[in-house]
Amino acid sequence: TFDGSALDEKMAGAFVETGVCAKINGRLLQEARFEGAAVSLVGELRDNGDTLQTSDGVEVRLVNDGSCEVPAGGIAEVVGVRQSSSSVKPIRATSFGEDFHLKNYDGLVELMNGKYADKF
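Following the working numbering, the numbering of the sequence shown begins with 1 at its first residue and continues without gaps.
Calculated from the structure, these hints are not laboratory results.
Check before you lean on any hint, since a few could be wrong.
Taking lysine-lysine and the BS3-like style, the derived pairs with C-alpha atoms no more than 30 Å apart in a straight line are [unchecked claim]: (1) Lys-23 / Lys-119; (2) Lys-23 / Lys-103; (3) Lys-23 / Lys-115; (4) Lys-115 / Lys-103; (5) Lys-103 / Lys-119.
Predicted model only: the values in this text are computed from it and were never measured.
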């Protein structure tokens, strides 16, 4: 677990500068290779925006210090820095509304990080 210090700021700065982050789901968030990485997760926001149920159904805690405005609910993309296997510090949150197919998106994420990883 990171303490929100220099590494978090470096990863957040790298994302802001390049716009590059790993598009993953909750299962992939648990992998050590994403430790401290800038990641993008899509899912349903719950608990007034404190939790994201990812496209594959995994609950991820959003560790928000107030610097990122996260919608209270609905489907959204949360870009942030992986804090632990089950938490992310959000940098940006974008609402996708209510009409978004999470299962289709999750299938794409699995292909992007699996069979077709070399294409992305």
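Taking the earlier hints as the rules, which of them does this structure contradict?
Checked against the structure, no hint fails, so every one of them is satisfied.
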